[in-house]
Amino acid sequence: MSTQNYNPVPLLALRDIIIFPQMVVPLFVGREKSVRALEEAERQKKPIMLAAQRDAKTHHPGPDDIFDVGTLGDIMQMMKLADGTVKVLVEGKRRAKIKDYLETEDFFLVNVDELPEEVELSAEVKGLIRSVTSAFETYVKLGKKISPEMIHQIHAIEDPFRLADAVIVHLNIKLEEKQDILETNDAGERLEKIYTHMKSEIEILQVEKRIRTRVKKQMEKTQKEYYLNEQMRAIQKELGEKDDFRN
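In short: position in the sequence shown from 1, add 46, done, that's my numbering.
If you are wondering where the hints come from, they were derived from the structure by calculation, not from laboratory data.
Yeah, the Cβ is synthetic: ideal placement off N, Cα and C, and Gly gets one too.
Some hints could be false.
[Said to hold, decoys possible] Computed cross-link-like contacts, PhoX-like style, restricted to lysine-lysine with a CA-CA straight-line distance of at most 25 Å:
(1) 187 - 220
(2) 92 - 139
(3) 263 - 190
[Stated by the list, open to error] Have a look at the derived ranges for each label pair, beta carbon to beta carbon:
(4) 133 - 201: 32 to 42 Å
(5) 76 - 151: 16 to 26 Å
(6) 249 - 191: 11 to 21 Å
With the hints as extra help, turn the sequences into a complete structure.
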């Protein structure tokens with residue numbers, strides 16, 4: 047993509063979600079300004095700038111309420127529902143930064159610059175790629191429901207930016223932390239941040255697993271003791287009935 051070909055572009059302000067390149071996401075859009083932005087992008091056959099709000103509770107955001115860095119995306123499908131809400135399927139393409147706002151009344155119209163993603167595959171970056179890939183595999187084994195195909199695809203990624211984008215969508219981290227990673231231009235720094243978050247998540251998942259195992263063993267022990275006690279009571283009852291019969 048070259049920004050010179052399609053600037054300016056409509057902007058969709060997102061609540062509670064950061065969209066990264068490669069992500070395909072269904073969105074339900076109800077605000078009139080947002081619906082008009084989608085309609086304008088589709089009418090002009092242009093990409094749409096997808097940028098998150100700083101505070102999801104702001105119902106009528108202005109330029110200061112929206113992060114400058116977001117993702118240029120394509121509208122794959124759009125359907126208007128009976129209640130006026132629009133269901134749209136968008137695909138993130140490339141990171142971009144808002145330069146200025148040309149329109150803020152009917153809908154947001156902005157000029158953007160794509161963010162650079164050139165990288166030299168140094169020994170350090172290659173090491174980080176291996177570390178992130180290995181940690182992701184451990185993360186999945188600890189209970190994250192991710193298809194084997196996705197794991198295979200992530201193992202095959204050699205581009206550090208693409209790897210970061212593919213992995214981060216599966217991490218349970220705060221919106222601000224995802225935004226920070228989206229804004230990071232250095233490939234090694236991005237991977238290092240993701241690796242740090244992933245190691246923290248892995249530690250939490252390992253603790254949860256140990257707790258579940260301990261609770262399960264305790265429950266099994268309790269159930270076994272209950273069963274043995276019930277069995278003993280049944281035997282004692284039967285022996286008592288036999289003694290009564292003899293008497």
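A quick look at each hint next to the structure:
1. 187 - 220: OK: residue 187 and residue 220 at ~22 Å, within 25 Å.
2. 92 - 139: Satisfied, since the Cα-Cα distance of roughly 12 Å is no more than 25 Å.
3. 263 - 190: 23 Å, holds
4. 133 - 201: 32 to 42 Å: 33 Å Cβ-Cβ, so the 32 to 42 Å window holds.
5. 76 - 151: 16 to 26 Å: 19 Å, holds
6. 249 - 191: 11 to 21 Å: 20 Å, holds
The earlier numbered hints are all upheld by this structure, with none contradicted.
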